[in-house]
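J.: Residues per chain, in single letters:
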Amino acid sequence: MGLITDKLPGYVEHVPGGSILITSIDAIINHSRANSLWPLAFGTKCCAIEMLMATGAPHQDTSRFGAEVARQTPRQADLMVIAGAIVKKMALRMRLLYEQMAEPRYVMATGSCAISGGPFMYNSYTIVRGADEIVPVDVYVPGCPPRPEAFFWGLLTLQKMIKQGESIRHPNIRKKPVLAMLPQGIKIEDIHQQIRDLLEQENTVDVLKAASQKTWSAKVEEWIEKTSKNP
Amino acid sequence: MDRENLEKSVITLEPKAHSRGKADRAAVEVPAENLQNLMRQLSQNDRFSFDMLLDHTAIDRIGEGKFELVYNLYSTEHAHYLMVSCLIDRGKPIVPTVSSIWPIAHWQEREVFDLFGVLYDGHTDLRRIFLDDDWKGYPLRKDYSDPDMLEFEK
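One line per chain: the protein sequences are L and B, in this order.
Numbering of the first sequence is given in this note's numbering, commencing with residue 1 and proceeding in unit increments.
Numbering of the second sequence is given in this note's numbering, commencing with residue 1001 and proceeding in unit increments.
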């Protein structure tokens, strides 16, 4: 497998028709990786109940996405689901587990504790403020705890990222599907237009009116009136 | 025994103790030098027979410059609860251990040492239990601060 992804693009692209072959191989590799993610169940706190246990149960089922093979050993897993707050004592061990996972490895931070420290962000002496201080995170799933449906949204986003954002032409680079996650009915052109309009609006100055719109202009007028009454 | 009788009997047992008040169960307060004696009698005397130390914590009364050590006792035979508390000096927090009376106190005293810095005389293995062994400071003290603890801007 490593041979295909490391050496093949270099040899094959020069051959006529080579890039089409690489694109097809890409599609197959990404499809198989995305549809059989094996989670490493890294549940430290309450999120584990929703993200790992409830999603494994029949009512909301990760097996629909091919991700039911949850492993406890990082050697056999490729998706690390961080479910719960990370304390400083655990941070070292978590880093060790991350480094023991084989590439390609993905990390999903679920729950507000794993995203930013959550409710413990201010006055805790042991909580690490966000799992992304320890490992690089690919998908963040907000919630406290997130519903299992939110976890599946995260899983589908991750699958989209694998299918569209990875390629054996650039094996260690991942393009996150930010544009795919826009809310319903909003397009990237709308956002561009709004930013453009806002910039224009803020940077147009009507010189005649600008002087009279300052807060001190009213005070200056009052002062002039007062001093003109008692010279 | 109900709450008032319990408090009265404990005070007869140890005259230096007095009722603590402000608790939803029988609560007494003793000075530190009578603590171990009182604890031993509470566990061995058949009228009380407090065979279970439910919890042992501390309260940092920084205004008075004292730690208040709290021992929550329960008797499985008579089914009554008692809270025994003891004020010790914050600058020199040393108390005798009760782990010879209730073995669970071994770890509970390690916890209070870890978070408050209270030293136990006679404890066989007093070291940190939750935090890393090389952690500096005692986090549950009111004057503890850490660069990681962000404060609200008021």
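Derived by calculation from the structure, the hints in this document are not laboratory data.
Idealized CB from N, CA, C, for every residue including glycine.
It is possible that some hints are incorrect.
What the hints assert, rightly or not - One-sided and incomplete, this derived list gives chain B residues near chain L with beta-carbon spacing under 7 Å: (1) Ile-1062; (2) Ile-1129; (3) Asp-1132; (4) Pro-1139; (5) Asp-1146.
J.: None of the hints should be skipped; say for each whether it holds.
T.: Each hint tested on the structure:
The closest approach between the C-beta of B:Ile-1062 and any C-beta of chain L is roughly 16 Å, which is over the 7 Å cut-off, so the hint fails. At its closest, the beta carbon of B:Ile-1129 sits 12 Å from a beta carbon of chain L; the interface hint therefore is violated under the 7 Å criterion. With a cut of 7 Å, the hint placing B:Asp-1132 at the interface with chain L holds, because the nearest CB-to-CB distance is about 6 Å. With its C-beta approaching chain L no nearer than about 5 Å, B:Pro-1139 sits inside the 7 Å limit, and its interface hint holds.
Annotation: B:Asp-1146 was flagged as interfacial toward chain L, and the flag holds, the nearest CB pair being 5 Å apart, inside 7 Å.
The structure fails hints 1, 2 (numbered hints given earlier, in ascending order).
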